[in-house]
Amino acid sequence: MFDFDALINCFGMASCAVNQLTSGLIIGMLLFLVASGLTLIFGVLNVINFAHGTFYMVGAYFAFSTYLFTESYLLSAFVGALGAGIFGIFFERVLISKVYGQDILMQLLVCYAFILITDDLVKLIWGTDYIAMGIPDEFRLAPFRIFGGYVPPLYAFLIILSLVIGILTILLISKTRFGSIVRAAAENSPMVSALGIRVPLYFALLFGLGCALAGIAGALAAPVRSLTPGMGFGILIESFIVTVIGGMGSIPGALIAAIILGLTRSIGSVGFPLFVDGLMFLIMAIVLIFKPTGLFVKGSPK
Amino acid sequence: MSTFTLFKKDISIALFSVLFLILIGFFVEHPWPKDFLISIFSFGLLAMSLNMLIGFAGMVSFGHAAFFALGGYAFGLLLQSESFLTNFGALSIIVAFFVSIFITGIYSAVIGAICVRLNEIYFAFLTLAFQMFLYSVIVSWVSLTGGDQGLMGGIARPVFLGIDLSNSLHRYIFCSVIFVICILLLRILNKSNFGYSLRLIRDNQERAEFLGIRVFRVKLICFVIASMVASVGGIIMTLFTSGAYPEWAFWTQSGEAIFMIMLGGISIFLGPLVGTVLLRLINDVVQMYSSHTELVTGIIIMIVVLGLRKGLVEYLLEKTGILKK
Chain A
-7 MFDFDALINC FGMASCAVNQ LTSGLIIGML LFLVASGLTL IFGVLNVINF AHGTFYMVGA
53 YFAFSTYLFT ESYLLSAFVG ALGAGIFGIF FERVLISKVY GQDILMQLLV CYAFILITDD
113 LVKLIWGTDY IAMGIPDEFR LAPFRIFGGY VPPLYAFLII LSLVIGILTI LLISKTRFGS
173 IVRAAAENSP MVSALGIRVP LYFALLFGLG CALAGIAGAL AAPVRSLTPG MGFGILIESF
233 IVTVIGGMGS IPGALIAAII LGLTRSIGSV GFPLFVDGLM FLIMAIVLIF KPTGLFVKGS
293 PK
Chain C
276 MSTFTLFKKD ISIALFSVLF LILIGFFVEH PWPKDFLISI FSFGLLAMSL NMLIGFAGMV
336 SFGHAAFFAL GGYAFGLLLQ SESFLTNFGA LSIIVAFFVS IFITGIYSAV IGAICVRLNE
396 IYFAFLTLAF QMFLYSVIVS WVSLTGGDQG LMGGIARPVF LGIDLSNSLH RYIFCSVIFV
456 ICILLLRILN KSNFGYSLRL IRDNQERAEF LGIRVFRVKL ICFVIASMVA SVGGIIMTLF
516 TSGAYPEWAF WTQSGEAIFM IMLGGISIFL GPLVGTVLLR LINDVVQMYS SHTELVTGII
576 IMIVVLGLRK GLVEYLLEKT GILKK
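Order-wise, the sequence lines are chains A and C. Note that the numbering used here numbers the first sequence so that position 203 is 195, with each residue one more than the last. Quick note: to get the numbering used here, add 275 to the position in the second sequence (first position is 1).
These are computed hints drawn from the structure, not numbers from a lab. Among the clues, some could well be false.
Unchecked claim - Cut-off 20 Å, straight-line C-alpha distance, at most; resulting in silico cross-link-like pairs (EDC-like, lysine to aspartate or glutamate): (1) LYS167(A) / GLU179(A); (2) LYS283(A) / GLU395(C); (3) LYS585(C) / GLU179(A); (4) LYS115(A) / GLU522(C); (5) LYS585(C) / ASP478(C); (6) LYS466(C) / ASP478(C); (7) LYS466(C) / GLU304(C).
Based on the sequences and whatever the hints tell you, model everything.
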């Protein structure tokens, strides 16, 4: 089960270490985008979007179809994000907002039904087979050489872009008018609506933003992962682990926790492939026992 | 003795039900009703035990099917092990039955100790996460569990006390007796002081603490008992299919169990059981007319949840005026 020799060997060679670190960062950064959407929605609306993985899947499939027509990776990533965002606003307005403030049982069932329906729709539209998008033409370039390891330009681009999106999201929430209204509404929504602001509109936009973050993660991941109906559920569980470790509602916490998990995955795949999931859950359990609010959120657990 | 007098009515209903189920077994020749009923026993226990968490104690678990699957896998694996069978011989089934429940109890105590302290949303998500953890263990530990093919090759069913579980009538009667015993157990727990403590915790946890109830302990005991009952459901399914399948541990199984409860209504004791029957019938009908079962099931759930906003059974009872609002 454990192969520490392989692990030590890998870290003895700079090239192997660089490869594992980059793949860990890729996993981590994509996970961060999904988890930041989840944590954003929870932080403001106080609902867990159990259907969050669906928007990751939808983003990936939209991007795939756009890429088939336009052959432009950037455009397809944009369409993936936009499509997931609009789909998210639809989901929020038509379905999940009807059960706000109700028993969590109702929210669970709405999300469960929504996942069943979208998974089946994806099967109807794109088929049940695994789909591979392949490396887009824009990125068919010679890899960078760092310490003897090869880093494909696409990977470097993905890591930097995810980081930029994360920073922009933090700025949007902390510095802009939109962000302050949303944060105020999270604290006291009757007060904010008494000031003449349409709170439901802002909530819907925020929900859409969270889903768009999941969607762009799916779209960006399309060239490096294979697409399959139901692909969103695994990432939902992982991004939940990220938010538990990083702290619900904290985007910087999500970033650090996502990188920890990404590195755990990539390094674990060399040293202890069968125990990777176990280790992720173990980290989560330890955080929950000793600091239930997560590593980066102060205060007592609710 | 006091338990007996207190629950005289429930116990006699249980005896009557067993008798009725056995009569069905003897007088119905066609295998379909027996097979249908065994699957109802199995998934009914899953739904009824989940309702002990959701309906009695207000702990909305989204990962209850994990314990169902664990019970089924443990039972199947024990009865596939040569050394286990030679050690216990004719008693294998009985020993495997209790050992599987015990294993599930230990596992659920560990998961419960981590989860029951948390608030509602965290609890739902964490139980789901741990269920998916079990699922990934089952799927990736191919040498033990057969991976995504499931536990193949059939299980041994040695004859004990004259009961031969390879015989479909014996199996049916065995399962129906176990089923009714479990339901009776849940009923007694529901009506006992323990059940009242759970309802108090559900309605007002702080008050329960002030009254001296050790909330954490009571919740944990409830979680473990519910998991053990769910594992009995899994054991029945393993006996029935002579195997175990990773789908039992997949999250949709838990979603389905929640919908069963919702269909039948959480405020009626036997509601989840009615929900189980309803969902089975819905599934069968949908499968007959459409290959896109998930799509149709999803739409039905949306209609029930957003349209009726309560269980179908509760809705009908309120409409007809039997149950007051």
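Taking the hints in turn, this is what the structure says about them:
1. Distance hint between LYS167(A) and GLU179(A) is fulfilled; the C-alpha atoms sit about 17 Å from each other, no more than 20 Å.
2. Under the criterion of a C-alpha separation no larger than 20 Å, the hint pairing LYS283(A) with GLU395(C) is consistent with the structure, at around 17 Å.
3. Simply put, LYS585(C) and GLU179(A) have alpha-carbon atoms about 30 Å apart, too far for the 20 Å limit, and the pair is violated.
4. With a C-alpha separation of about 19 Å, the suggested pair LYS115(A) and GLU522(C) falls inside the 20 Å cut-off, and the hint holds.
5. In summary, the hint linking LYS585(C) to ASP478(C) is supported, as the alpha carbons are separated by about 19 Å, within the 20 Å threshold.
6. Distance restraint check for LYS466(C) and ASP478(C): the Cα-Cα separation of roughly 16 Å lies within the 20 Å cut-off, and the hinted pair is therefore satisfied.
7. A distance of roughly 38 Å separates the Cα atoms of LYS466(C) and GLU304(C); the hinted pair therefore is violated under the 20 Å criterion.
Figure legend: structure checked against the earlier numbered hints; hints not met, in rising order: 3, 7.
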